[in-house]
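S.K.: So you can see what is in the structure, the chains are spelled out below.
Protein chains: 2
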Amino acid sequence: MKFCQQCASPIILKVPDGDDKPRHCCSDCDSIFYQNPKNVVGTLPVYEDKVLLCRRAIEPRIGKWTLPAGYMENGESSLNGAIRETIEEAGAEIIVASDSLYTLYNLPNINQVYMFFRGELANLDFAPGAESLEVQLFTEAEIPWKEIAFTVVKSTLELYFADLKSSHFPVRMFDVHHHKDTGITTNLISHSSVNISSKDNSSAP
Amino acid sequence: MKFCQQCASPIILKVPDGDDKPRHCCSDCDSIFYQNPKNVVGTLPVYEDKVLLCRRAIEPRIGKWTLPAGYMENGESSLNGAIRETIEEAGAEIIVASDSLYTLYNLPNINQVYMFFRGELANLDFAPGAESLEVQLFTEAEIPWKEIAFTVVKSTLELYFADLKSSHFPVRMFDVHHHKDTGITTNLISHSSVNISSKDNSSAP
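Heads up: the protein sequence lines correspond to chains A and B, in order.
Mapped onto my numbering, the consecutive letters of the first sequence carry residue numbers 21 to 225.
Mapped onto my numbering, the consecutive letters of the second sequence carry residue numbers 21 to 225.
Rather than coming from a laboratory, the hints here were simulated on the basis of the structure.
Treat the hints loosely; a few may be bogus.
It does not matter which identical chain is used: a pair holds within one copy or between any two.
List of simulated lysine to any residue pairs, SDA-like, C-alpha gap at most 20 Å [what the hints assert, rightly or not]:
| # | residue 1 | residue 2 |
| --- | --- | --- |
| 1 | Lys58 | Asp195 |
| 2 | Lys22 | Ile32 |
| 3 | Lys41 | Ile107 |
| 4 | Lys41 | Gly95 |
Keep in mind it's a predicted model, so treat the numbers as computed, not measured.
Modelling step: build the complete structure from the supplied sequences, incorporating the hints.
M.R.: Spelled out as structure tokens, the structure:
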């Protein structure tokens, strides 16, 4: 950011009065331009024992497989954005249940928050959109695990197939850190609570 | 947005090639400036049967009561941002459990996503920060329900005291719509699933 959006004067980095962090400030008018994380919203489309993946036609990770997802837009809710991205990237219509919110990832190193929702494919009329090379259904064994585009996608797929064994899909939030030397770490920071009454608890295995 | 941040030329609203929505585009260089929803992150600080509220020292809703919350910053996770806001606005240190993520609200009319986390006050050394007039603990009966600053705060407080009866705090996501004539509607769009095995199910009341 070099010039003020309001008056075209040069931008300087300085800590505004009452703030404690450097911001992009206009050198002439009083404008301050804050920068905040962006949300990326997507779905995990399911059909029988398979999940729908898209092969990326664009950078980054061109040619790798991913779940349909993209930037949440102004004027939409996160779920509506995820459904929109599923139509745009996979040509797929999904039906979501009342417990669709599934995984959330904070990525502080790249200023993003990912949110994935689970959904059932409404039909098999899917087709690659402009940002996808191909769209395909995969069983757990068929998934090209080494060709998955992003850590958050691999994590969500792994959780899904693990949770499928109990048909219980808790909401989980993770912090993902990109380290210079040691790669990427994904740490669980919240897991939705389960109601276990004393009676159920005592009879639990 | 009137001028390009990169080259100071005038900005025009147009639909870029391959897009389907008008964006802020530079009339000279190829820059496109996307605008996306911002996340507001906060906490519900609890002490015994009380919750901690802040009375706002700033607009909007100056003088009204709220939960500590503010814009998520670049470089932080949503939970860390919520803890930071709790320190800044309420001078309060909280301890979060492994199921801290509690409520999420999409506000498409104002391009925000709220996330609240539950936490226990670590001690009673709280004090108003620069953006608060006062900070105070309230039981459910003591809460100034008609003086709550925002719908999302009132909703989160109501859910908390309702959930407290079962000690079960599911993760819930809502869409909040601001209607011109009929006020604000808050619709549940996702509720974390609860694992009920067939054995537990049959013994449930």
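S.K.: Hint by hint, note whether the structure agrees.
M.R.: Hints versus structure:
1. Lys58 <-> Asp195: For Lys58 and Asp195, the Cα distance is within 20 Å both inside one copy (15 Å) and across copies (18 Å).
2. Lys22 <-> Ile32: This pair counts as both: shortest intra-copy Cα distance 8 Å, inter-copy 18 Å.
3. Lys41 <-> Ile107: For Lys41 and Ile107, only the inter-copy Cα distance (16 Å) is at most 20 Å; the intra-copy one is 40 Å.
4. Lys41 <-> Gly95: between (29 Å within a copy, 12 Å between copies)
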